[in-house]
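Undergrad: Using the sequences and the accompanying hints, generate a full structural model.
Chain by chain, the residues:
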Amino acid sequence: MRYNRRVPWLFLAPHLSLFTVFVFLPILFIFGLSGFDWNLLGYHRFAGFSNYDEILHDKLFWRALGNTLLFSAVIVPVTMAAGLALAIALNRPMPARNLFRAALYLPTVISSVASAIVAVWIFDEHYGVLNAFLIQFGLPRLPWLSSTRLAMPTVIATTVWLRTGFCMVIYLAALQDVPKDLLDAAALDGAGAWSRFRYITWPLLWPSSIFLLVTNLIYSIHVFDLIYVMTNGGPAFSTTTLVQYLYDAAFEEQRQGYASAISVILFFVLIALTSVLLIRRNTAERRTA
Amino acid sequence: MEVELAAFRRIINRYQAQRRDIAIDLEQVSYKERAEIDTLLAAGVGPDLFRVQYQDVGRYAPSGALIDLSKHLSKDFGEQFTAPVWTAVQYKGRPYALPHHTDTSAILYNKALFDRLGIRAPQSLEESWHWGEFTDVAHAIKKGGFDYGFAMNWSFGGSFRWLNFLYQHGGCLLKDNYRRPAIPSTDAEETLRWTQSFFRKGLVPASDSAKSSEQGEVLFAKGVVGMYFDVGPHSLKELDVNFPWATTFLPRDKQFAAELGGNAIGVSRDAKDRDAAVDFALFATNEENMRDFVTAGLFLPVRRKLINETLPYAYRPDEMRVHLEQSKTVPLSLARTVTIPEFHRINRVLGDELDAAFTGGQSAEETLQNMAREIERARPEA
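Each protein sequence line maps, in turn, to chains B and C. For the record, in the first sequence the residue sitting at position 105 is 105 according to the numbering used here, with numbers rising by one throughout. Count along the second sequence from 1, add 1000, and you get the number used in the numbering used here.
Warning: the hint list may mix true and false statements.
[Unchecked claim] Derived DSBU-like pairs (lysine-lysine); straight-line CA-CA distance at most 30 Å: (1) C:LYS1092 with C:LYS1071; (2) C:LYS1032 with B:LYS59; (3) C:LYS1272 with C:LYS1092; (4) C:LYS1175 with B:LYS59; (5) C:LYS1071 with C:LYS1222; (6) C:LYS1142 with C:LYS1092.
Calculated directly from the structure, the hints in this document are not laboratory data.
TA: See below:
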């Protein structure tokens, strides 16, 4: 059969054209805009690299970057580990297995804003469910959202609740692809449960783990709506992340050029981190091939 | 709010009964989604008219997003309105929007608690508590078994309400014809230390800072605080409050001061028929429609004639009269300050820095220096 080189492009064309108009061109536009001072409604002045220069000296930017990296450094491994543990637990026969799977996945499909409002009602210091529960046991009320020490852990705990179900579903699908005869053969050869997981299951889950690493990293670096509703970046900037800071610059301060420069930096941070992950995956795959 | 939408629909119906040739579509955009209006205006497809906060007129006017209404109005047109709102809708001496209504904070208090503690709330502006008396009442509420004395309304973009205290103490935010920061100053430092003491002494919850998600009305309804600051009784209407409550005046110090809240109606540069758009804005802000809107939506009128009328408010008219009296204490200089074109940037700085001062342990000196530096940056060409 003759291979027509144009056919794949024809199939790709609808998606590529939408991607170009709604993603690629806006990204290029943002790069250009980062060299301007623009308030969206009126004036538009060339600013060269002054936005980037200002960012380098902006203490709040560095604070927001630090918070974002801390948030990601906890969210990515914790949600993956919890997702894997739940997937393993729910991959074996047990009563009401589907009910547990659905309950754990449910937060993933609820809008982040709705989830955040629920979280506020759980964690509010004065009328929240959690403190009411603590008081029942004679424990003190804790300022979950209003203490600079507790606000970030509270936001992280909420995100883990929202994100773990997604990791669990990906791992569940991957676990069902692990050949049972391979595990049975290993068991016959005397391999224990840990050895079977370590040397058979875990390597076969590796592509899913890389997928989750990349998507969770992008998700955690882009976190915004949850924090916007729960803490609005406070108290005292303890939960201000880069996207929250970018949003404030763009829509509260009307500094589109400055916000664009932040998003360009965010773009390169994400490119650098995902490239490292993908290079490591390719190296590992070459080694096993 | 549904009652506001219904009031707008009534205005539109009345207008269309006179002008059958004009069709009007009403679209609701919440305060948090107001960036949508900016995006539409930037794309050249903005609405013909839009409701604009007084603090935002200065942002839309210089860019031409709102049109200059001078040629549509008589020279003495502004005399029908109160001075703060007419000042607020002007940019370089020209009107860019028509004042529609206003709102101003007052203190809502737990009447049952006050009766039990023998506290008499001020019944007139002249009886307003001085700062010391106000904090004494807050301490008494705590001693009376409540967790905290009161809750503020300076989160959700309301950080400019801290300026009420600054102006009450005789201070101001800007000087040199509103071009440069007037802080740090002794008045500002004393005001900031006083407001920081609310948190240090546990008079307000730590969750009630300038950038929190806490809702003062819920704390009040649940009996966590004995007083809370709000611009009207609407929030309590929706809540199940099982004790009697009433409204009293803001505290004062060297002088009275309250904030300018509320909205005007502006005509956008994208309006296809500007004359028709201006005609509707004039209709919507006329005496009859303003009376209907403010009494249904629980707002305050901005026409001089209406502020002296006994308005038939749909809910808690006695409380609304307190807010109305308080609105007469908005200093003109405060109205000018919050309506400069860069105020949206300054309001954000106020929120960030007050939050750091209230919950992050940032000193009053550093907070005021940070505010001053950011104000200088926000007004580079002023």
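Undergrad: Are the hints correct? Go through all of them and say.
TA: Comparing the hints with the structure gives:
Annotation: proposed proximity of C:LYS1092 to C:LYS1071 holds, straight-line Cα distance about 15 Å (limit 30 Å). Only pairs whose Cα atoms come within 30 Å are accepted, and C:LYS1032 paired with B:LYS59 is accepted, the gap being roughly 26 Å. At most 30 Å may separate the alpha-carbon atoms for a hinted pair to count; C:LYS1272 and C:LYS1092 meet this at roughly 25 Å. About 27 Å separates the Cα atoms of C:LYS1175 and B:LYS59, which keeps this hinted pair within 30 Å; it holds.
Between C:LYS1071 and C:LYS1222 the alpha-carbon distance is near 52 Å, which puts this suggested pair outside the 30 Å criterion. Simply put, C:LYS1142 and C:LYS1092 have alpha-carbon atoms about 49 Å apart, too far for the 30 Å limit, and the pair is violated.
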